[in-house]
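Participant: Letter by letter, the chains look like this.
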Amino acid sequence: MLTHLVFWGLAVVAVLAGVAVFVVNSMARASYSLALSFIAVGLQVLLLQQLYVGVLVILMMVMEMAIMAVYMNMFMGMNPAMMSMNMVHGARHALPVSVGVFLLLAAGALFAPWPSRRGSPPEDVTVALGTELMGPKMLTMGVVGVVMAATIVSGVVLAAHRTRYDRFGDDLRRRRVADPQPGGVGR
Amino acid sequence: MAEVPAAVSGGWAPVAAGLLGTLAVAAALFDGALAERAAGARLGTGRPVGEVARLLRQRRRTTVAADRLLWRIGGAGLLGMALMIVTVVPLGRWTLFDLAVGVVWVNALDVLAWAFVWLTGWGANSAYTMVGGYRFLAHGLAYELPLMFALVAPAVAASSLRVGEVAAAQQGLWFVVWMPVAFVVYCLGVVAIAVWGPFSPALGRDLAGGVTAELSGVDRLLFLAGRYALLAAGAAFAVPMFLGGGAGPLLPAWAWVLVKATVLLAVLVWLRRRVPALRPDVFMEVGWLVLLPAVLLQDLLVAVIVIGG
Amino acid sequence: MGVSGALARLALRHAHLLVIEVPGNWLTRVAVERLAGARGWRLAVSPADADILAVCGSPGPELSLVVASLWEQLPGPRARIDVAAPELVAAALDQAEAVLRDTPRQRRDSAARDGRGPDDASDDDIALAHGSEDRDGLEMDVLHVRLGPVLPDWPAGLVLRAHLHGDLVAKAHAGVVDAGHGPAGGAHVVGGGPSGEVGPADAAELAAQRCDNAARLLALAGWRDAAQRARVVRDRLLAGERSAATTELARLRRRVRRSRLLRWSLRRVGPLPPDELARLGLAPELTGDVWDRLNGMLSRAALTVGGPAGVAVGPVGVEAGAPAGVPVGVPATPPAAVASVVSGWDLATARLIVASLDIAALGVVTDG
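Chains as they are written, first to last, in my numbering: chain Z, 1 to 187; chain R, 1001 to 1309; chain P, 2001 to 2368.
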């Protein structure tokens, strides 16, 4: 009973914090409202006994929101003095559409004919969930993860303004790199 | 295999908090004594007492157009983080929260430091505190990944993410002995999360106190207490992860946990005055080009030994 | 009264002071630092951290405004002292202690401040920052930040108006606070004997100032123990304990030279080749990076105090731009040069570079 109450309480927190993202008036508050929403969802996942996934949701989302807040503040020149930022664009069309989509998805979740439980949950629900989701494609998914990380790194390298020719000279023979500020490993 | 600690009732939580508080106060007293000795002033250990009295007597203040909500959340958050970390640290036979993924739990909590320190810096709406907040994130980019992979090594060796089982898995040989790189990187991470010693440029003198530049009174007290508590919680978590948990002769297991945590904490406190700051601009390359590969090699080595042995 | 009285007594054992040095009053500032340390008091790094505002010397009109606004930022309980000379420091600190101890008076002060605070400032006219390209070619917001005249471990009177990209100093304009007003009455300038010669006492003072500057650099580098030792050497030199100071200084120099971590952190920061030094009007012994300059500072201190009396330290004046009023034996640093050498570095390294210039006095130049 208590678990049910906590679960529904967290659900309300998650939705309200999600709404707050569009109501508050600064990027920092929006980012951390979203983080709060995700933390509530992570705790709900914990209540579903998916401990690893739940804790991981909290870990990843807090870190992502911390980084997002920084980027948003850097690019938009926000400081706390500018508290009147509007988080909604084109509200006249966007609001009905998003409310409609929310109702549609919620209705789907509520009215879907969920199967009733047969047997008992396995010993290790995280392993069971992973096998169920990916099955024999586990190795492929593992490789895809590494490829995605490599893609991000290469994307950043390609996007960087300064190239190795700026740093090591046109013949790449310079022993001491020409950086505006020296790094820590003495290259 | 030694016995795995059992969870006790939540009613013991105040005791855990009290123990953490005692460790943090001890750290503050030791730090105060070291400061007095370095200053050549009369030997006194009462500095933290006086500082607390001073901050309790001081008025709180605010700045023009501060985001007070986020600012105060950030300032008080570090203390909350430390309290949540010690819930999964077993004290001999007992633990407060026997979570099957305790190691990941601590990892998720240490990431909160990113949010809290940055918010304290940003919320004050002052250039120095904001630069301090960004400095902490720059450090975070360099220490967080090595720290995560350092926590992987003991978990792989014990084949478990349950902190009690990790402690029980090192009855023969402490993990610190055969995974020293992971231990050193972990300690660096703890020092960095507590914005301590070599990782204190975010609170630097050059920024008039950085993140703390605009804090006064009880707000400053909470932030500083949070730093000591995080250092203490980090030292306490190192005991089951690397230092054999409650293993040791003569004394009962819970006493060994406290002794080991105190010793490591004392070393971390002592380090503060002896080592120059690792500025983010120089530490960034070290984190990515030295620490990360080193700790990944450590993980590989541990994995090979575990599979082979 | 019992609880608040006990709290006040405990709190006063570790009061924090924000020390403001009016240019030319460095001996007073050092005396405040030394006597406050002996009482177990600490130096504050920002007004929010301070209980006592200690003004060393009599500030000119511009600095007076800064002091007034800092006074408003002290959280309270608070006390302000104005110290005109080193021998008046002890009495002034006693006075500050009495003011802080007087709880009813602090209550009145606190009540008088209620209702008018920084919150009242209107916050609807804060403009959006404008942007420009940073050193990597990214469009970044530009923040205009005034560094100084009151910052921990910062040369007295220096003001850098910096254009910041994040924490990167894109460019800076330098000035000296109250530039038109000259040294205030009764100000003491290092090595300022009437004959222009450097006598033994002056030699100790010059060496002490080098140690003071080295202590600042070490403190900014985050090495607390070494900074504290440099301050001890400085105080010994000023107290006339020459042999003890020489031994301590030798030990400090060895420790600094052997610290690989410090060397690693300061190497290649702010390199200045000789031709650039000449162009900027800086002393030729500042050649090299911050690490070289730190060791140079300490060896100049050792040379001055160890060498025969009358040895002049460093270059005597600078070829161009040495202002009147700065005596022989003290190279004056042109503020424009300070602004020029920090451009393109981030705030942390810029602070290290400024501290490494071993500034004794600032030339009077309005802008860089």
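Keep in mind the hints are simulated off the structure, nothing from the lab. Remember, predicted model here, so these are calculated numbers, not experimental data. Among these hints, one or two may not hold up.
[To be verified] Listed next, the stretches of chain R that the computed footprint assigns to chain Z, with coverage defined by at least 3 CB atoms under 8 Å from CB atoms of chain Z:
#, stretch
1, 1051 to 1060
2, 1117 to 1126
3, 1181 to 1189
[Unchecked claim] Not close to chain P: a few residues of chain R, all C-beta gaps over 10 Å, as computed:
#, residue
4, Trp-1012
5, Leu-1029
6, Gly-1077
7, Met-1148
8, Ser-1159
9, Pro-1198
10, Gly-1204
11, Gly-1217
12, Ala-1277
13, Leu-1278
14, Leu-1292
15, Ile-1305
Just so it is clear, CB atoms sit at the ideal spot from N, CA and C, and this is done for glycine as well.
Participant: Take the hints in turn and mark each one as holding or not.
Facilitator: Against the structure, the hints:
Figure legend: the stretch 1051 to 1060 of chain R, annotated as covered by chain Z; annotation inconsistent (0 residues with Cβ-Cβ distances under 8 Å, at least 3 required). Under a criterion of three residues with beta carbons nearer than 8 Å to beta carbons of chain Z, the stated coverage of the stretch 1117 to 1126 of chain R is upheld, 6 such residues being counted. Taking a C-beta to C-beta cut-off of 8 Å, the stretch 1181 to 1189 of chain R contributes 0 residues in contact with chain Z, too few for the three needed, and the coverage statement is violated. For R:Trp-1012, the non-interface assignment is confirmed: its Cβ lies about 32 Å from the closest Cβ of chain P, beyond the 10 Å cut-off.
Distance check for R:Leu-1029 against chain P: the nearest CB is about 13 Å away, which clears 10 Å, and the non-interface claim stands. At roughly 19 Å, the least C-beta separation between R:Gly-1077 and chain P is larger than 10 Å, which holds for a residue marked as non-interface. The beta carbon of R:Met-1148 is kept farther than 10 Å from every beta carbon of chain P, the shortest such distance being approximately 25 Å. The non-interface label for R:Ser-1159 is consistent with chain P: the shortest C-beta to C-beta separation is roughly 38 Å, beyond 10 Å.
Once the 10 Å rule is applied to beta carbons, R:Pro-1198 is inconsistent with being away from chain P; the minimum gap is 7 Å. With a least beta-carbon separation of about 7 Å from chain P, R:Gly-1204 fails to lie farther than 10 Å from that chain, contradicting its non-interface assignment. Distance check on R:Gly-1217: its Cβ comes as close as 6 Å (rounded) to a Cβ of chain P, failing to clear the 10 Å threshold; non-interface status is violated. Distance to chain P contradicts R:Ala-1277 as a non-interface residue, since its nearest Cβ pair spans about 3 Å, not more than 10 Å.
For R:Leu-1278, the condition that its CB be more than 10 Å from all CB atoms of chain P is violated, with the nearest at approximately 7 Å. Separation of R:Leu-1292 from chain P is adequate, the least Cβ-Cβ distance of about 19 Å exceeding the 10 Å criterion. With 10 Å as the threshold on Cβ separation, the claim that R:Ile-1305 sits away from chain P holds: the shortest Cβ distance comes to roughly 32 Å.
Comparing the model with each earlier hint shows violations of hints 1, 3, 9, 10, 11, 12 and 13; every other hint is respected.
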